[in-house]
Each structure stands twice: as structure tokens, then as C-alpha cells.
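*Asks:* Sequence:
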Amino acid sequence: MGTQNANGHAAHNQPTNQHEVLLLRETLRSGRSIYHEGHVVILGDVNAGAEIIAGGDVVVWGRLRGLVHAGAMGDSTAVICALDLNPTQLRIADQIAIAPHEAGRTPYPEQAAIKDGQIIAERWKSGN
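Going by the working numbering, the first residue of the sequence shown is number 1209, and it counts up by one from there.
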């Protein structure tokens, strides 16, 4: 039996986890792991030694210093955003990147995505 929307038309059967968002209002400390099939939003920091594995996008409203794997189920359109993007490792779908450690760097919001077959981090600006 199919699903109908409010207009009585047949609705597409999409997995609900594509739209589910896990929102955490906390700092993830070393040793903590978060696994979620949808998108993950962290209102806090992700410390070195912590990891997030998400089927969708990952947004960190804070410092990202741990490991993040967005698009873990193969979604190469997933993105990783943070106010301070300085991870031990980034993964999007099957791509892996390690951020260069720059002494005395000034943090600014960045978004990482796959472009031309590799993970590229760019300044996070309106419309990204």
C-alpha cells in the first residue's frame, strides 16, 4: 500500500533517515563516537579523539578537531562545515583528507566538499 501526501497524491517512498537530523548541544570529548544515518549538527566542539560518522552532512557550530565522516553510506554530495575546521581527518563518502596543521592560524568558518574527486575545504559563505 502506497503513502499519500496531504493532497491525496501518492508520495514517493524515500527513506526517512535522509531527512532525520541529530542535534547535539554539547562538546564531544576524546573517546566519544557518534553514529547517525542522517545529518548531524553539533552545537559545541568536537575535540581530537572524538569521531562523528553520518550518512548525511555534518555541521559543527564550534571547533572541529576530531575525525568526521560525512556521507558514510556513499553520499558524495555530503558536506562538512565548522566554524573552526582543523580536524585530525575528514572523510566524505570514500574520500579521505588530512588537514594541514598551521601554527598560529586564524580560524574562520569553512565548508568541505568533494570537488574534482578530492575533498576541498573553502571559506564557508552564504550560498555554499
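Incorrect hints may appear among the rest.
Stated by the list, open to error - What follows is a list of derived Cβ distance ranges for each label pair:
1) S1238 with D1324: 14 to 20 Å
2) P1308 with E1228: 31 to 37 Å
3) I1306 with M1281: 18 to 24 Å
4) T1235 with R1331: 32 to 38 Å
If you're looking for bench data, these hints aren't it; they were derived computationally from the structure. Yeah, the Cβ is synthetic: ideal placement off N, Cα and C, and Gly gets one too.
*Asks:* Which numbered hints are broken by the structure, listed smallest first?
*Replies:* Numbers 1 and 4 - these are the hints that the structure violates, sorted from lowest upward.
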